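Following the working numbering, the numbering of the sequence shown begins with 2 at its first residue and continues without gaps.
Everything labelled a hint here was simulated from the structure, so no lab data went into it.
Just so you know, not all the hints are guaranteed correct.
Claimed, not checked - In the DSS-like style, the derived pairs of lysine-lysine whose C-alpha atoms are separated by at most 27 Å in a straight line are: (1) Lys71 to Lys111; (2) Lys71 to Lys158; (3) Lys117 to Lys69; (4) Lys238 to Lys111; (5) Lys111 to Lys176; (6) Lys22 to Lys71; (7) Lys111 to Lys69.
Since this is a predicted model, take the numbers as computed values, not measurements.
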Amino acid sequence: MVSWQGLEVFLTVVEQGSFSKAADKLDVSASYISRQVQQLEQRLGTVLIQRTTRSQNLTDAGRQYATKLKVIQQELVDATNQVQGVQNTPKGPIRISGAGDFVANQVAPKIAEFLKLYPEVNVDIDFNNRNVDLVEEGFDLAIRFGLLQDSNLIARKLYTRPMTWVVSQNYQAQKGMIRHPYDLQNHNCLTGAHGRWRFMICEQLEEIKVSGNWRSNNSYALINACLAGLGVAHMAKDIVQPYVERGQLSYILEPFQVNDGATWLVYPRKDLMPYRVRLLIEFLLDSFA
(Lines of atoms letter the chains of each structure in order from A; the text may use other names.)
(Lines give C-alpha, C1' and ligand atoms only; values in the text may rest on other atoms or scores of the structure.)
Protein backbone atom coordinates (compact mmCIF):
# COMPACT_ATOMS: atom_id res chain seq x y z
CA MET A 2 0.00 0.00 0.00
CA VAL A 3 1.25 3.48 -0.87
CA SER A 4 1.73 5.76 2.12
CA TRP A 5 1.03 9.49 1.69
CA GLN A 6 2.95 10.40 4.83
CA GLY A 7 5.80 12.82 4.18
CA LEU A 8 4.84 13.62 0.59
CA GLU A 9 3.57 17.14 1.34
CA VAL A 10 6.67 17.81 3.44
CA PHE A 11 8.96 16.61 0.66
CA LEU A 12 7.23 18.77 -1.97
CA THR A 13 7.36 21.78 0.34
CA VAL A 14 11.12 21.31 0.75
CA VAL A 15 11.44 21.13 -3.04
CA GLU A 16 9.35 24.28 -3.49
CA GLN A 17 11.06 26.28 -0.73
CA GLY A 18 14.59 25.09 -1.43
CA SER A 19 15.59 24.18 2.13
CA PHE A 20 14.44 22.36 5.25
CA SER A 21 14.31 25.56 7.33
CA LYS A 22 12.16 27.45 4.81
CA ALA A 23 9.85 24.44 4.50
CA ALA A 24 9.53 24.38 8.29
CA ASP A 25 8.54 28.06 8.30
CA LYS A 26 6.04 27.44 5.52
CA LEU A 27 4.36 24.53 7.33
CA ASP A 28 4.81 26.08 10.79
CA VAL A 29 6.69 23.08 12.17
CA SER A 30 10.24 22.46 13.37
CA ALA A 31 13.15 21.82 11.02
CA SER A 32 13.79 18.54 12.84
CA TYR A 33 10.25 17.41 12.01
CA ILE A 34 10.87 18.19 8.33
CA SER A 35 14.16 16.28 8.36
CA ARG A 36 12.57 13.29 10.09
CA GLN A 37 9.64 13.13 7.65
CA VAL A 38 11.94 13.24 4.62
CA GLN A 39 14.26 10.63 6.13
CA GLN A 40 11.34 8.27 6.79
CA LEU A 41 10.08 8.76 3.23
CA GLU A 42 13.52 7.91 1.87
CA GLN A 43 13.65 4.79 4.02
CA ARG A 44 10.29 3.62 2.67
CA LEU A 45 11.40 4.27 -0.92
CA GLY A 46 14.85 2.80 -0.39
CA THR A 47 16.63 5.74 -2.05
CA VAL A 48 18.04 9.16 -1.21
CA LEU A 49 15.85 12.01 -2.46
CA ILE A 50 17.76 14.98 -1.05
CA GLN A 51 21.51 15.18 -0.66
CA ARG A 52 22.30 17.07 2.57
CA THR A 53 25.38 19.02 3.50
CA THR A 54 25.97 21.40 6.39
CA ARG A 55 25.17 24.34 4.10
CA SER A 56 22.66 23.13 1.53
CA GLN A 57 20.15 20.51 0.44
CA ASN A 58 20.07 19.43 -3.20
CA LEU A 59 17.76 17.04 -5.01
CA THR A 60 19.26 13.82 -6.30
CA ASP A 61 18.25 12.59 -9.76
CA ALA A 62 15.79 10.22 -8.10
CA GLY A 63 14.44 13.05 -5.96
CA ARG A 64 13.97 15.30 -8.98
CA GLN A 65 12.09 12.61 -10.91
CA TYR A 66 9.96 11.75 -7.89
CA ALA A 67 9.07 15.41 -7.27
CA THR A 68 8.03 15.89 -10.90
CA LYS A 69 5.67 12.92 -10.73
CA LEU A 70 4.23 14.01 -7.38
CA LYS A 71 3.53 17.52 -8.64
CA VAL A 72 1.43 16.16 -11.49
CA ILE A 73 -0.55 14.00 -9.07
CA GLN A 74 -0.91 16.91 -6.66
CA GLN A 75 -2.33 19.20 -9.35
CA GLU A 76 -4.75 16.50 -10.48
CA LEU A 77 -5.98 16.13 -6.91
CA VAL A 78 -6.57 19.87 -6.65
CA ASP A 79 -8.41 19.95 -9.98
CA ALA A 80 -10.54 17.00 -8.94
CA THR A 81 -11.42 18.65 -5.62
CA ASN A 82 -12.24 21.94 -7.33
CA GLN A 83 -14.51 20.19 -9.78
CA VAL A 84 -16.39 18.33 -7.04
CA GLN A 85 -16.84 21.54 -5.05
CA GLY A 86 -18.04 23.44 -8.10
CA VAL A 87 -15.09 25.84 -8.06
CA GLN A 88 -14.44 25.25 -11.75
CA ASN A 89 -17.79 26.86 -12.56
CA THR A 90 -17.76 29.56 -9.90
CA PRO A 91 -14.19 30.68 -9.15
CA LYS A 92 -13.93 32.72 -5.98
CA GLY A 93 -11.34 34.29 -3.73
CA PRO A 94 -8.59 36.95 -3.89
CA ILE A 95 -6.09 37.67 -6.66
CA ARG A 96 -3.20 40.05 -5.87
CA ILE A 97 -1.61 41.74 -8.89
CA SER A 98 1.47 43.95 -9.14
CA GLY A 99 1.56 46.37 -12.08
CA ALA A 100 2.63 49.83 -13.09
CA GLY A 101 2.29 52.28 -15.93
CA ASP A 102 -0.45 53.70 -18.08
CA PHE A 103 -0.82 50.60 -20.22
CA VAL A 104 -1.77 48.58 -17.15
CA ALA A 105 -4.15 51.29 -15.93
CA ASN A 106 -5.78 52.09 -19.27
CA GLN A 107 -5.64 48.79 -21.15
CA VAL A 108 -5.20 45.88 -18.75
CA ALA A 109 -7.36 47.09 -15.84
CA PRO A 110 -10.52 47.40 -18.00
CA LYS A 111 -10.02 43.78 -19.12
CA ILE A 112 -9.73 42.69 -15.49
CA ALA A 113 -12.97 44.57 -14.80
CA GLU A 114 -14.62 42.53 -17.58
CA PHE A 115 -13.27 39.38 -15.92
CA LEU A 116 -14.88 40.36 -12.60
CA LYS A 117 -18.22 40.89 -14.32
CA LEU A 118 -18.03 37.25 -15.44
CA TYR A 119 -16.82 36.01 -12.04
CA PRO A 120 -18.15 38.40 -9.35
CA GLU A 121 -17.01 36.18 -6.47
CA VAL A 122 -13.35 36.87 -7.32
CA ASN A 123 -11.70 39.79 -5.52
CA VAL A 124 -8.85 41.62 -7.28
CA ASP A 125 -6.26 43.83 -5.59
CA ILE A 126 -3.97 45.72 -8.04
CA ASP A 127 -0.90 47.36 -6.54
CA PHE A 128 0.51 50.05 -8.85
CA ASN A 129 4.18 50.20 -7.97
CA ASN A 130 7.22 50.62 -10.22
CA ARG A 131 9.53 48.55 -8.07
CA ASN A 132 10.28 44.95 -8.99
CA VAL A 133 8.37 43.17 -6.22
CA ASP A 134 9.19 39.69 -4.96
CA LEU A 135 6.01 37.87 -5.91
CA VAL A 136 6.51 34.91 -3.60
CA GLU A 137 7.78 36.78 -0.54
CA GLU A 138 5.15 39.54 -0.81
CA GLY A 139 2.23 37.28 -1.64
CA PHE A 140 1.42 38.37 -5.20
CA ASP A 141 -0.24 35.96 -7.60
CA LEU A 142 0.66 37.82 -10.78
CA ALA A 143 2.74 40.75 -12.05
CA ILE A 144 2.40 42.78 -15.25
CA ARG A 145 5.80 44.01 -16.41
CA PHE A 146 7.13 45.84 -19.44
CA GLY A 147 10.45 45.51 -21.25
CA LEU A 148 13.23 42.96 -21.18
CA LEU A 149 12.92 40.47 -18.35
CA GLN A 150 15.80 39.22 -16.27
CA ASP A 151 16.32 35.49 -15.92
CA SER A 152 14.47 34.16 -12.90
CA ASN A 153 12.45 31.24 -11.62
CA LEU A 154 9.26 33.02 -12.67
CA ILE A 155 7.11 32.09 -15.64
CA ALA A 156 6.72 34.92 -18.19
CA ARG A 157 4.11 34.95 -20.95
CA LYS A 158 3.93 37.72 -23.51
CA LEU A 159 0.73 39.72 -23.23
CA TYR A 160 1.25 42.40 -25.86
CA THR A 161 4.05 43.53 -28.19
CA ARG A 162 4.91 47.19 -27.61
CA PRO A 163 7.71 48.60 -29.80
CA MET A 164 9.62 51.56 -28.43
CA THR A 165 10.26 54.77 -30.34
CA TRP A 166 11.78 58.25 -29.97
CA VAL A 167 9.90 61.54 -30.21
CA VAL A 168 10.63 65.27 -30.04
CA SER A 169 8.59 68.42 -30.40
CA GLN A 170 8.89 70.60 -33.49
CA ASN A 171 10.03 73.43 -31.24
CA TYR A 172 12.96 71.38 -29.95
CA GLN A 173 14.03 70.36 -33.45
CA ALA A 174 13.84 73.97 -34.64
CA GLN A 175 16.15 75.08 -31.82
CA LYS A 176 18.55 72.12 -31.60
CA GLY A 177 18.55 70.73 -35.13
CA MET A 178 17.61 67.41 -36.70
CA ILE A 179 18.61 64.12 -35.08
CA ARG A 180 19.52 61.67 -37.83
CA HIS A 181 21.60 59.03 -36.05
CA PRO A 182 21.59 57.54 -32.52
CA TYR A 183 25.11 58.84 -31.95
CA ASP A 184 23.72 62.37 -32.32
CA LEU A 185 21.89 61.92 -29.01
CA GLN A 186 25.12 62.49 -27.11
CA ASN A 187 24.73 66.16 -28.00
CA HIS A 188 21.06 66.38 -27.02
CA ASN A 189 18.99 66.55 -23.85
CA CYS A 190 17.46 63.10 -23.34
CA LEU A 191 14.45 62.65 -21.08
CA THR A 192 15.03 59.37 -19.28
CA GLY A 193 12.79 56.97 -17.42
CA ALA A 194 13.87 53.84 -15.57
CA HIS A 195 17.44 53.93 -16.90
CA GLY A 196 19.74 55.98 -19.08
CA ARG A 197 20.66 53.39 -21.72
CA TRP A 198 18.68 53.25 -24.96
CA ARG A 199 18.79 50.36 -27.41
CA PHE A 200 19.11 50.75 -31.19
CA MET A 201 19.49 48.52 -34.21
CA ILE A 202 22.60 49.88 -35.97
CA CYS A 203 23.97 48.09 -39.05
CA GLU A 204 21.82 45.06 -38.15
CA GLN A 205 23.45 44.88 -34.72
CA LEU A 206 21.77 45.62 -31.39
CA GLU A 207 23.61 48.42 -29.62
CA GLU A 208 23.06 50.25 -26.33
CA ILE A 209 23.91 53.93 -26.07
CA LYS A 210 24.22 55.80 -22.79
CA VAL A 211 22.21 59.02 -22.81
CA SER A 212 21.74 61.83 -20.31
CA GLY A 213 19.62 64.90 -19.69
CA ASN A 214 18.13 67.10 -17.01
CA TRP A 215 14.77 65.32 -16.73
CA ARG A 216 14.17 61.88 -15.26
CA SER A 217 10.79 60.37 -14.39
CA ASN A 218 9.19 56.94 -14.02
CA ASN A 219 5.83 58.32 -15.20
CA SER A 220 5.13 58.27 -18.94
CA TYR A 221 2.86 61.32 -18.93
CA ALA A 222 5.46 63.34 -17.06
CA LEU A 223 7.95 62.43 -19.81
CA ILE A 224 5.45 63.31 -22.54
CA ASN A 225 4.69 66.69 -20.97
CA ALA A 226 8.40 67.48 -20.74
CA CYS A 227 8.78 66.50 -24.38
CA LEU A 228 5.76 68.61 -25.41
CA ALA A 229 7.35 71.56 -23.62
CA GLY A 230 10.36 71.27 -25.93
CA LEU A 231 12.71 70.06 -23.21
CA GLY A 232 14.30 67.23 -25.15
CA VAL A 233 14.05 63.73 -26.69
CA ALA A 234 11.77 61.09 -25.14
CA HIS A 235 12.00 57.32 -25.49
CA MET A 236 8.49 55.89 -25.18
CA ALA A 237 6.26 52.97 -26.09
CA LYS A 238 4.83 53.75 -29.53
CA ASP A 239 1.21 53.11 -28.54
CA ILE A 240 1.47 55.86 -25.88
CA VAL A 241 2.89 58.62 -28.10
CA GLN A 242 0.94 57.76 -31.25
CA PRO A 243 -1.99 60.17 -30.48
CA TYR A 244 0.42 63.09 -29.97
CA VAL A 245 2.15 62.35 -33.27
CA GLU A 246 -1.18 62.16 -35.09
CA ARG A 247 -2.12 65.59 -33.69
CA GLY A 248 1.20 67.04 -34.85
CA GLN A 249 2.40 67.78 -31.33
CA LEU A 250 5.34 65.38 -31.49
CA SER A 251 7.39 63.83 -34.30
CA TYR A 252 9.04 60.43 -34.60
CA ILE A 253 12.80 60.36 -35.05
CA LEU A 254 15.36 57.60 -35.65
CA GLU A 255 12.72 55.21 -36.99
CA PRO A 256 15.22 53.17 -39.09
CA PHE A 257 17.03 52.28 -35.85
CA GLN A 258 13.95 51.08 -33.94
CA VAL A 259 14.13 47.87 -31.91
CA ASN A 260 10.90 45.88 -32.04
CA ASP A 261 11.27 43.51 -29.09
CA GLY A 262 9.46 45.61 -26.49
CA ALA A 263 6.59 43.77 -24.82
CA THR A 264 4.30 43.66 -21.81
CA TRP A 265 4.46 40.37 -19.91
CA LEU A 266 2.39 38.40 -17.44
CA VAL A 267 4.78 37.07 -14.82
CA TYR A 268 3.92 34.62 -12.07
CA PRO A 269 5.62 32.10 -9.76
CA ARG A 270 6.04 28.46 -10.70
CA LYS A 271 3.25 27.27 -8.47
CA ASP A 272 2.17 23.70 -8.93
CA LEU A 273 -0.98 24.47 -6.97
CA MET A 274 -1.92 27.77 -8.61
CA PRO A 275 -5.53 28.64 -7.71
CA TYR A 276 -7.97 28.04 -10.52
CA ARG A 277 -9.14 31.68 -10.41
CA VAL A 278 -5.58 32.89 -11.12
CA ARG A 279 -5.08 30.48 -14.02
CA LEU A 280 -8.46 31.56 -15.38
CA LEU A 281 -7.51 35.26 -15.25
CA ILE A 282 -4.17 34.62 -16.96
CA GLU A 283 -5.83 32.81 -19.86
CA PHE A 284 -8.56 35.47 -20.03
CA LEU A 285 -5.97 38.27 -20.39
CA LEU A 286 -3.93 36.35 -22.95
CA ASP A 287 -7.05 35.73 -25.03
CA SER A 288 -8.14 39.37 -24.71
CA PHE A 289 -4.86 40.70 -26.10
CA ALA A 290 -4.27 37.95 -28.65
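Outcome of the hint check:
1. Between the alpha carbons of Lys71 and Lys111 the distance comes to roughly 31 Å, so the proposed pair goes past 27 Å and is violated.
2. At roughly 25 Å between alpha-carbon atoms, Lys71 and Lys158 fall within 27 Å of each other, so this suggested pair holds.
3. Restraint check: the Cα-Cα separation between Lys117 and Lys69 comes to about 37 Å, which exceeds 27 Å; the hinted pair is violated.
4. Taking the CA atoms of Lys238 and Lys111, the gap is about 21 Å. The hint holds against a cut of 27 Å.
5. Taken as a hint, the Lys111 and Lys176 pair is broken in the structure, with Cα atoms around 42 Å apart against an allowance of 27 Å.
6. Taking the CA atoms of Lys22 and Lys71, the gap is near 19 Å; set against the 27 Å cutoff, the hint holds.
7. Proposed proximity of Lys111 and Lys69 is contradicted: the alpha carbons are some 36 Å apart, above 27 Å.
The structure shown violates the earlier hints numbered 1, 3, 5 and 7.
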